[in-house]
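As a plain string of letters, each chain reads:
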Amino acid sequence: MTSGIDYRTLLARYGVILALVALIVFGWLRYENFLGLFNVMSVLRYNSMFALVALGMCFVIMTGGIDLSVGSTAALGSVAAALASPYGILPGAAAGIGVGLIVGMMNGVLVTRMAIMPFIATLATMLAASGTALLMANNQSVSVSYESGFVALGQGNLWVLPIPAIIAALAYLLGSLVLNFTSTGRSILAVGGGEDASRLMGLRTDAIKFLVYVVSGGLAGLAGVILAAQFGAGQPIEGVGWELFAIASVVVGGTLLTGGSGSVGTTLAGVLLLGILFNVLNFENGKGWISLSAYWQSVIRGVFLLAVVTLQARFVGARASEPAGR
Amino acid sequence: MSQVLPSPARPTSRAFDVLEFLSRYGTLIALVLLIVFNLIFTRNFATWQTLNVNLTQVCTIVIVAVGMTMVIATGGIDLSVGSIMAIAGALAPMIFLGTLFPVGNIYLGVTLAIGIAVLVATLLGLFNGWLIAQFRIQPIVATLVLFIAGRGIAQVLTNGNLQVFKVPEFQWIGLGRPLGIPVQVIMMVIIVIAAAWMLRRTGFGRRILATGGNEKAAELSGIAVKRVKLAVYAISGFCAGLAGLVVIAINSASDANLVGLGMELDAIAAVAVGGTLLTGGKATIIGTLLGALTIQLVRYTLLANGVPDAAALVVKAAIIILAVWLQQQGRVR
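Each protein sequence line maps, in turn, to chains A and B. Here the working numbering is used: the first residue of the first sequence is 1, the next is one more, and so on. Here the working numbering is used: the first residue of the second sequence is 1, the next is one more, and so on.
Derived by calculation from the structure, the hints in this document are not laboratory data. Here a beta-carbon is modelled for each residue, glycine too, at the ideal position from N, C-alpha and C. Treat each hint with caution, since some may be false.
Covered stretches of chain A (in silico footprint by chain B; criterion: 3 or more residues with CB under 8 Å from a CB of chain B, positions within the stretch not fixed) [said to hold, decoys possible]: (1) 118 to 124; (2) 225 to 235; (3) 246 to 256; (4) 266 to 274.
Next up, chain A with everything else stripped away, as it sits in the complex (with noise of 0.2 Å):
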C-alpha cells in the first residue's frame, strides 16, 4: 500500500478533500448562515447515520466484497430499536446494534462458508431483512417511546455537538486506528489485495472477510438505531437505495471497489461532499436565482458520481482496471 504511490493516486485519493473544502467555502462565501452554527450540526446530525453505514461498507469493499444488505439492516435496526425503546437507551440500542450483527454474520457465513458471490448473498440477506424488518413492524412504523430518553441518541446535544454526530465521528476514529496501526487492518486490505495469495502467507481471510461483514451490519444496525431516535419512529420501509449511497461515498472517496487498499478519512470526505451537495442546493433555491425541485438532488449526486469516477479513471488509468500487483 505504501510503495509506489505517486502524484496521481494521491490526487485520486486526496482529491475528494479538496472538493469538500472548494465546496465549503463556495457555500461560505454564497450564503449567509451556511457556516451558521444551526446549519452546520444539522447537516451532521442528519448525515450522521449515512456515515456509519457508508463506513462499514468502506471495510467491506477494501476486502474486495461489497454489502447491498446494509439499507434493509438499518431499517430493521430502527424497528427493533422502537420495540425495545420502552425499556431504556441502552437495551434499544444494544436490540438495533444486535440485529445488525446477526445480519452481518449471516452475510460472513454466506460469504465465507457457502462460497457465495457478496453481491448475491448481500442481496438475499437485504431481502430477508427487509421482510424480517415489516413482519416486526407489522407493516407500519412504531413510535419510539419519548419517555426512556431513547431520542436523546437521534435529537439530543452533548453541549453543542450532536449525539449521533459524536457517535460517528468515535466510529471513524476508531475505525482508521484499526486500519492503519493494527494487524487486523493490515489483513484486511491484504485480503481485498489478493486473497490468495493472503491465505498462502497464513492470514486467516474467512475470518478476517467474517469480521468485516459483522462489522458493516452492526454499523448499518447503530445507523438503525439513530435513524429510529431522529425521527422519533422505527421505520420498515426506509433505507431503500442506502446501499448505493454508501457506495457512492466509498467511491467518492476515492476507494477502488476492486479492493486492497482504501482510506476512513477519504470516505468520511465522501460522505460529507454529497450530503453538503444538497445542502448547498437548498440554500442557493433559498437565494431565489434558481428554482431547483428536489429531484435535482439525485441528478446533482449522479452527475457529481460520474465526475469523479471519469476521473478517476483517468488518473488512476490503467492501475484502476488491473488489480492484480497492488
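The hints should help you fit chain B onto chain A, whose structure is shown.
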C-alpha cells in the same frame, strides 16, 4: 468445498450425482414442484385467470432480466434498469398526451412516444456501455451513476407528478389480448426466443460469452470487446425501456417515483436463480425465464395461501441463496 460436503452418490458411481443433478435442473424441478403443490392446495389455481395474473406480473421482470442476462454474460452488471424504466415511462405519456410538443394524430403520437422512449432508453444503455468500455469504469459503479441520476431525471421531467391517461391505442401494449393472450406475454416470448437464439447460435452470442469468459483472451483473439460491451448495455437499456412502457400501460398512469423501483434486484435475482454465472462466460436465457417464473410463483403461492408479503420476501431470499449454492456445488466437481 467438496471435502466439506461429501456427496451421497460419490462412493458408488459417477453416473448419478444428486447435487450435480440438482444444480443443473434444480430450478426446473422447483418450478414443477410449485405447480404440483398449487394444483393440490391452492384453490382455483388451474384457471386462465391465475395463469394470466402470473404471466402479466412476471413479464416485465423477464424482459428486463433478458437484457441483464446478456450484460452479466460479459461479466458486467446493470444497476440502472429500474431508473431507465422510469425515464421511458415518464417520456412516453409526455409525447402521446402532447405535453412535450403538439401531436395531431393519436396514432402518430403513440408511435412517436414508443419510438422515442425506447430510443432514449437504448441510448442511456449505450451511455453505460461507453463508460464501461471507454473509461474502463467498473460496471457496478458506472451503472450506479444512472441508477442515482436516472430516477431524478424522470422526476424532474414530470416534476414528480403522476401522469394519468386513458389512451387505448397506447395501452394496447399492456392491456391488449389478441387471441386471448396478453400482448406483453407475446412480447416476452418473442424477446426470450430471439435472445436465446442470438446467444446460442450467432457469432455475436459467442463473442458475448467469450468476453465474459476471459476478456484478455477474447481481445487477443480479435474480438472487438468494446463493441460487444456497448451492444449488451444498449440491449439492456432497450429491454428496460420496453418494460417501462408496459408497466405504465398496465397502470394507466406513470409515476416517476415508482416505475421500475427495485427492478434491478428482481432481474439480477432471476438471472442468478436461472443459473447464469455472475462472473460471466456462461449464460442461459431460458434459465433466466425459469428463474423469474419460479420467484413469481413462490410469491403467488405464499400470497394465495395467506402468507403475508413480507414473509414472502424472506422466502425469496432463501430461494436465491439455495439456488446459487446448489449451482456452485455442481460446478465444484
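Hint-by-hint comparison with the structure:
1. Given as covered by chain B, the segment 118 to 124 of chain A passes the check, having 5 residues with a CB less than 8 Å from a CB of that chain where 3 are the minimum.
2. With 0 residues carrying a beta carbon less than 8 Å from a beta carbon of chain B, the segment 225 to 235 of chain A misses the three-residue requirement, and the given coverage is violated.
3. Counting residues of the segment 246 to 256 of chain A whose beta carbon lies closer than 8 Å to any beta carbon of chain B gives 3, which reaches the threshold of three, so the coverage claim holds.
4. With a cut-off of 8 Å between beta carbons, the segment 266 to 274 of chain A has 0 residues touching chain B; three or more are needed, and the interface restraint is violated.
Violated hints, listed in ascending order, are 2 and 4; each of the other numbered hints is respected by the structure.
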